[in-house]
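Listed in order, the protein sequences are those of chains A, B and C. If you use my numbering, the first sequence corresponds to residues 1 to 589, in order. If you use my numbering, the second sequence corresponds to residues 590 to 813, in order. If you use my numbering, the third sequence corresponds to residues 814 to 1068, in order.
Simulated from the structure, these hints should not be mistaken for laboratory data. By construction, the Cβ of each residue, glycine as well, lies at the ideal position given by its N, Cα and C atoms. Check before you lean on any hint, since a few could be wrong.
Below, simulated DSS-like cross-link-like pairs (lysine-lysine); rule was C-alpha separation at most 27 Å, straight line [claimed, not checked]: (1) 901/C with 695/B; (2) 695/B with 966/C; (3) 951/C with 966/C; (4) 525/A with 27/A; (5) 450/A with 525/A; (6) 951/C with 885/C.
If you anchor each label on the Cβ, the simulated ranges turn out as follows [unchecked claim]: (7) 654/B with 340/A: 30 to 38 Å; (8) 25/A with 650/B: 29 to 37 Å; (9) 686/B with 503/A: 32 to 40 Å; (10) 866/C with 595/B: 54 to 62 Å; (11) 711/B with 462/A: 32 to 40 Å; (12) 1020/C with 69/A: 38 to 46 Å; (13) 892/C with 621/B: 20 to 28 Å.
This is what each chain is made of:
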Amino acid sequence: MATITAPTAGHIATGEAHAHEMSFLRKYIFSTDHKIIGIQFLIMSLVFLLVGGLLAMVIRWQLGFPGQAMPGGGVLPDTMAPDGIVLPEFYNALVTMHGTFMVFFAIMPLLVGVFGNYLIPLKIGAPDMAFPRINMASFWIAVPAGIMMIAGFVVEGGHAAAGWTAYAPLSERADLTGVSMGQILWCISLIILGLSSILGSFNYITTVINLRAPGMHWFRLPLSIWALFVTAILVLLAMPILSGAIIMLLFDQTLGTHFFGPAQGGQPLLWQHLFWFFGHPEVYILILPAMGFASDIIANGSRKPVFGYASMVFAILAIAVLGWGVWGHHMFMSGMNPTLGTSFMISTMLIAVPSAIKVFNWLGTIWGGSVRFHVPMLHAVAFVSMFIIGGLSGIFMASTPVDIYIHDTYFIVAHLHYVLFGGSLFAIFAAISYWYPKMFGRMMNPFWAKVHFVITFIAYNGVFFPMHQLGLQGHMRRIFDPNEYEFLQHLQGINTFISISAFVLFAAQFIFAINFIASWFVGAKAPDNPWDDNGLEWTVASPPPHGNFATIPRVFRGPYEYSSPLVEEDFLPQNRELPPQPAASAAHT
Amino acid sequence: MNWLLPPGASTFAGEIDWLYYVILWVTGIAFVATEVALVWFLIRYRARPGVRARYYHGNNKAEVVWTSVTAIAVLVLGLMSAGGWNRIKGRDSVPPNAFPVIVHAKQFEWEITYPGPDLQLGTADDFTVRNQLHVPVDRAINATLTSEDAIHSFFVPAWRIKQDAVPGMRIQVWFQPTQTGEFEIACAELCGLGHYRMRGSVTVHSEEEFDRWHRNGGQLALGQ
Amino acid sequence: MKRILIGGMVLSLGACGGSEEAGPEGGDAAAPAAQAAQAAGGGSVTGVVDFTGTAPVNPTIDMSEEAVCQRKYATAPTDPVVLVTDGKLANVVVYVKSGLPAGQSFPVPSTPAVIDQEGCLYHPRAMAVMAGQTIQIKNSDAVLHNIKAVPTKNRGFNISQPRAGMTTERSFTTEEVTVPLECSVHGWMHANVAVLSHPFFATTGPDGSFTITGLPAGTYEIEARHEELGTRTMSVSVPATGSASANFTFTGSTS
Chain A
1 MATITAPTAG HIATGEAHAH EMSFLRKYIF STDHKIIGIQ FLIMSLVFLL
51 VGGLLAMVIR WQLGFPGQAM PGGGVLPDTM APDGIVLPEF YNALVTMHGT
101 FMVFFAIMPL LVGVFGNYLI PLKIGAPDMA FPRINMASFW IAVPAGIMMI
151 AGFVVEGGHA AAGWTAYAPL SERADLTGVS MGQILWCISL IILGLSSILG
201 SFNYITTVIN LRAPGMHWFR LPLSIWALFV TAILVLLAMP ILSGAIIMLL
251 FDQTLGTHFF GPAQGGQPLL WQHLFWFFGH PEVYILILPA MGFASDIIAN
301 GSRKPVFGYA SMVFAILAIA VLGWGVWGHH MFMSGMNPTL GTSFMISTML
351 IAVPSAIKVF NWLGTIWGGS VRFHVPMLHA VAFVSMFIIG GLSGIFMAST
401 PVDIYIHDTY FIVAHLHYVL FGGSLFAIFA AISYWYPKMF GRMMNPFWAK
451 VHFVITFIAY NGVFFPMHQL GLQGHMRRIF DPNEYEFLQH LQGINTFISI
501 SAFVLFAAQF IFAINFIASW FVGAKAPDNP WDDNGLEWTV ASPPPHGNFA
551 TIPRVFRGPY EYSSPLVEED FLPQNRELPP QPAASAAHT
Chain B
590 MNWLLPPGAS TFAGEIDWLY YVILWVTGIA FVATEVALVW FLIRYRARPG
640 VRARYYHGNN KAEVVWTSVT AIAVLVLGLM SAGGWNRIKG RDSVPPNAFP
690 VIVHAKQFEW EITYPGPDLQ LGTADDFTVR NQLHVPVDRA INATLTSEDA
740 IHSFFVPAWR IKQDAVPGMR IQVWFQPTQT GEFEIACAEL CGLGHYRMRG
790 SVTVHSEEEF DRWHRNGGQL ALGQ
Chain C
814 MKRILIGGMV LSLGACGGSE EAGPEGGDAA APAAQAAQAA GGGSVTGVVD
864 FTGTAPVNPT IDMSEEAVCQ RKYATAPTDP VVLVTDGKLA NVVVYVKSGL
914 PAGQSFPVPS TPAVIDQEGC LYHPRAMAVM AGQTIQIKNS DAVLHNIKAV
964 PTKNRGFNIS QPRAGMTTER SFTTEEVTVP LECSVHGWMH ANVAVLSHPF
1014 FATTGPDGSF TITGLPAGTY EIEARHEELG TRTMSVSVPA TGSASANFTF
1064 TGSTS
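Isolated chain A, as found in the complex:
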């Protein structure tokens, strides 16, 4: 560690010297400051979150009020919704792009791009990322990918409509969907975005390994950093698989290769194996950082050390390792050898164990605490309670015989939204409201933040809980109009209820958006440490200066020393040096 301290200190000096001379462009647009890049990712991915949500509203309009003209739908061209009534091919594009935007352009950058960037250097006591320019590149590579993905809506033939999983041959042959350019743009955009993710992830890995402040041992890292670190490793290993598969798909579409075309000797299942070999680690990429944020915030809100810190770390590692061996559970019905189904079922069942460990440890953290119900804590607790539902519903589809019935039904849709929205997105709301004061130097309005939380929590459950019921009645996912089937007609009432809940849910997000924007300008000035947290980021100003720390901090303990008997207050920052107390200092790491 000592060898690193000297050069980084020098780096800070130059950084601060430059801070005053930098143009607006260099400071806020083409910035190499990890904090600015994190905020850039935040704004970009919140915009895409809004886009993805808007697409979901159109989907819900069609399902809740099938065949009726959508309010405001008249602005859409006749190739999407003539007279405001959604067309089936547009519906398929909506379903595809909702998934694509949410997974690749909203949730993943929110978790990894935003908080990986913002938190890692601050929380480990580093002045910036290991490679600040590559960091800047990773953002500016993601921007054209996003523009390209949006452009797909206006090209001839419409946007990609083969599902966000782009199963070949539907994605490969333009004649099957009528979509050619849209699918090609989808491919190119994701290849570019993959490059951005790869650049970001090795930066995170290098930074965590090399730039930890003196005394920041591996087992003194906050769980959010552990989660982001392990996630970065997963991204680095998984994204190239997706990129490779998509390049093959792109060749099939444009160069006449037939990797996935069976008539010429290709194999459609190869796409599924490649996609899910990426896709299942991706699922954990989308939840591990959320778990990390929840751990940090729940410990803070409970004023108690995290219960079983070491087992939490090992659970993260176990999920990351086991996550590579479960991809086949997406393919139980695909026609792969049924014997493999049993192996994948067992590995899938096993991965429930580390997830359960985490839930029990969160419960254990709250137990015996002194719970402060600040807004981040509300979202973090909602995360835990929704993740329980999402985790438990996963057991149904892990059981291969039950999956025969519920595979590709709304039960799956309910499950994945309980994990991705109930899990990841609530944790993202928790994290944004928690670190907002540090990012912008102002507090979000707590009253409107609580209003947003309450409406979101209720409406969210109104949307996704009844989807379990739809799935149990056999309601297939990705169908434009379930009333075509007699056995689904009696479910229209539930679908309408879900849609109305969805509209409320979407509307409530504007409370968040307005609070987010308004607080930036008129919010109460944030103190350095509004939540009485122990992390290093709370020891510097809000927002922190360029270069973060005036001097590199020294770390004396783990991040969760709340309610320690050594001090009078109920928190004990990681870098506070206590006078030697021979009896007590040995009690903890």
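Chain A is already provided as a structure; the job is to place chains B and C on it using the hints.
Relative to the frame of chain A, chains B and C by itself:
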């Protein structure tokens, strides 16, 4: 809230439904226990003046207990599932005397080919019917799934059977209806703009009725 | 074959000869300026397409699953592959295959070609359009139809019309004989669109007759094309004004 599955009409329904209810109970208990504990802890340990949180880092015994209990529970569920899976989808699970049909999926229809009177597929007397699956009750049916274009998924909710039809592959799926009547075939895998109405009908006949239909099959059929 | 060769020679002569109007077929009649402005010559080709022999039996369509369409038929509908009425053959596209001056462009008809989906069948089943001409696709059935065009030279499309009364407009940019249209929801639904680079075409109705108008004088190879029965060709000399006749005969038991 209705957690019951709709009535089943094949020999698989009993096993799948039973397993579903077992999992529903196990997860239901886990759900109630964890959520109640969560809410209870939040209320019980809310911040109150003068009360300091415990300074407590965890308990290895508790970790071992809940890790083992969870691991055992999911492994037992896994082992219980494995048997049913093999009986339904195992490669050698198809009964030898099953009645053979070919279900050929294409955008957006099911072409179902029946053997003629010789009960052999691939002979001249085969006939094909569009979107109509006719089968006898209480007899195993062995369907060979093929696809013309995209991936489709053959789904008969009442029979609790689902299997993708993949172009370039011939996938066997078998089932044995236990009730006569009309049911629906749905496509469960996104296959294009007409996916939502890639619907077929299933008619389960009594043995005699099916024989009559089968003998007259050529008349109702589209092709020869 | 011979005629095509001659045509080819004429074309190359024309190319070499520059400004001179060469050859008997090149057009001793209409001046180039007039041709460019208005395709219309004064000549026309009329005729009848006869059918002799036994017509193949059209297969019955089982529409029981689509009650909306089945209701439109008193008796079980058949797939109108070969439509013969009193010895006359319908759904034959008759068009000028060759003989038009090279490099000449013709104005695109401003009226759209209409194809209707009614009773889960295409009406008409065979049609010709000029490249660039609007094709108006209508759905008169209260069910989902999708219209899938699988061309080889043009850009294909695959669009849906889930409701009755919908119309969608599309066009093809390049000559292609023929582009098949199909509905993937109702596998029996087929239609064929001949896309031509000129407006000299016609389609026979139930009476088997056709008229191609507006032709400049000249000798043309006329082709009659039926999706199932194949093609017949004939060389026709068209006067500057007035009509030339061309009658075609298809015979049954071709297969």
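Hints and how they fare:
1. 901/C with 695/B: Violated, at roughly 36 Å.
2. 695/B with 966/C: Roughly 24 Å between the alpha carbons, so the hint for residue 695/B and residue 966/C holds.
3. 951/C with 966/C: 24 Å, holds
4. 525/A with 27/A: 22 Å, holds
5. 450/A with 525/A: Roughly 19 Å separates the two Cα atoms, so the pair holds.
6. 951/C with 885/C: Holds, because 17 Å separates the two Cα atoms, which is no more than 27 Å.
7. 654/B with 340/A: 30 to 38 Å: Taking Cβ atoms as reference, residue 654/B and residue 340/A lie about 33 Å apart, which means the hint holds.
8. 25/A with 650/B: 29 to 37 Å: Given a distance of about 59 Å, which is not inside 29 to 37 Å, the answer is violated.
9. 686/B with 503/A: 32 to 40 Å: For residue 686/B and residue 503/A the Cβ distance comes to about 55 Å; the hint is violated.
10. 866/C with 595/B: 54 to 62 Å: Hint holds: Cβ distance 57 Å, inside 54 to 62 Å.
11. 711/B with 462/A: 32 to 40 Å: Since residue 711/B and residue 462/A have Cβ atoms about 53 Å apart, the given range 32 to 40 Å is violated.
12. 1020/C with 69/A: 38 to 46 Å: 44 Å, holds
13. 892/C with 621/B: 20 to 28 Å: At 60 Å between Cβs, range violated.
Hint violations for this structure: numbers 1, 8, 9, 11, 13, all remaining hints satisfied.
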